[in-house]
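Number of protein chains: 2
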Amino acid sequence: MNITGFEKPYYAVIFSSVRNNTDHDGYEKMAERMVELAQLQAGFLGMESVRGSDGFGITISYWNSPESIKAWKANSEHQIAQEFGRTQWYERFSTRICKVERDYDFSVDSIHRAGR
Amino acid sequence: MNITGFEKPYYAVIFSSVRNNTDHDGYEKMAERMVELAQLQAGFLGMESVRGSDGFGITISYWNSPESIKAWKANSEHQIAQEFGRTQWYERFSTRICKVERDYDFSVDSIHRAGR
Numbered sequence: 000m001n002i003t004g005f006e007k008p009y010y011a012v013i014f015s016s017v018r019n020n021t022d023h024d025g026y027e028k029m030a031e032r033m034v035e036l037a038q039l040q041a042g043f044l045g046m047e048s049v050r051g052s053d054g055f056g057i058t059i060s061y062w063n064s065p066e067s068i069k070a071w072k073a074n075s076e077h078q079i080a081q082e083f084g085r086t087q088w089y090e091r092f093s094t095r096i097c098k099v100e101r102d103y104d105f106s107v108d109s110i111h112r113a114g115r
Numbered sequence: 000m001n002i003t004g005f006e007k008p009y010y011a012v013i014f015s016s017v018r019n020n021t022d023h024d025g026y027e028k029m030a031e032r033m034v035e036l037a038q039l040q041a042g043f044l045g046m047e048s049v050r051g052s053d054g055f056g057i058t059i060s061y062w063n064s065p066e067s068i069k070a071w072k073a074n075s076e077h078q079i080a081q082e083f084g085r086t087q088w089y090e091r092f093s094t095r096i097c098k099v100e101r102d103y104d105f106s107v108d109s110i111h112r113a114g115r
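Protein chains in written order, with numbering that gives the first Met the number 0: chain A, 0 to 115; chain B, 0 to 115.
Next up, chain A with everything else stripped away, as it sits in the complex:
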């Protein structure tokens, strides 16, 4: 998916991770639940996610404020998922909280390129 057009200012959480080879089903189930749950949070704008066959993946969630990111991090069900991540599923990960300063899109469908 490509998701654009969010009103500025907005924020991105870049989560880069390397999965270990364990508990594929448990991980997938939790990952799906976290997507559902994130979408219910105040300030959630959208999400992009991809994982390669080598186990490396990037998930980016977009939010309307630093406060909404903090609230999501502190969500109790999300806290449980984070603990499973550290103890069961990830070799390593990095989390980066970013402010989006500029964005622009391209699509073959519309043949436009709009700097915003």
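To be clear, the hints were calculated from the coordinates, so they are not data collected in a lab.
Below, in silico cross-link-like pairs of lysine-lysine (PhoX-like), each with a Cα-Cα straight-line distance of 20 Å or less:
1) A:Lys98 - B:Lys98
2) A:Lys69 - A:Lys7
3) B:Lys98 - B:Lys72
4) B:Lys72 - B:Lys28
5) A:Lys7 - A:Lys98
6) B:Lys98 - B:Lys69
7) B:Lys69 - B:Lys7
8) B:Lys98 - B:Lys7
9) B:Lys69 - A:Lys98
10) A:Lys69 - A:Lys98
11) A:Lys7 - B:Lys98
12) A:Lys28 - A:Lys72
13) B:Lys98 - A:Lys69
14) B:Lys7 - A:Lys98
15) A:Lys72 - A:Lys98
So the derived list for chain A, only partly shown, Cβ under 7 Å to chain B, looks like this:
16) Ala11
17) Ser15
18) Ile57
19) Glu90
20) Ser93
21) Cys97
22) Glu100
23) Arg101
24) Asp102
25) Asp104
26) Ser106
Each residue gets a CB set at the ideal place from its N, CA and C atoms; glycine is no exception.
Place chain B on chain A using the hints.
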């Protein structure tokens, strides 16, 4: 790859894209060349990239300043690649220029989690 420990402030360029199904070899060759070329630019810190089997991918490059990002965008060989991207290789893409405000890492190897 996971790449961390960059001195702040630093900046991220999030490039989310959907490939079409054409010119796999030409695209791969140019993509490899762009990684080589980016690494030679002043202010380049690192890069993470992953593409899924469905054609959706995310590449994030990290830079030490907005100026180094502008210089990379204007690089003449990179400009040619960008034009091929729009006319040949991508269904759509989004580019976001971001300032990284916080980051933290986790690794099973070191069993540490350092907020920075």
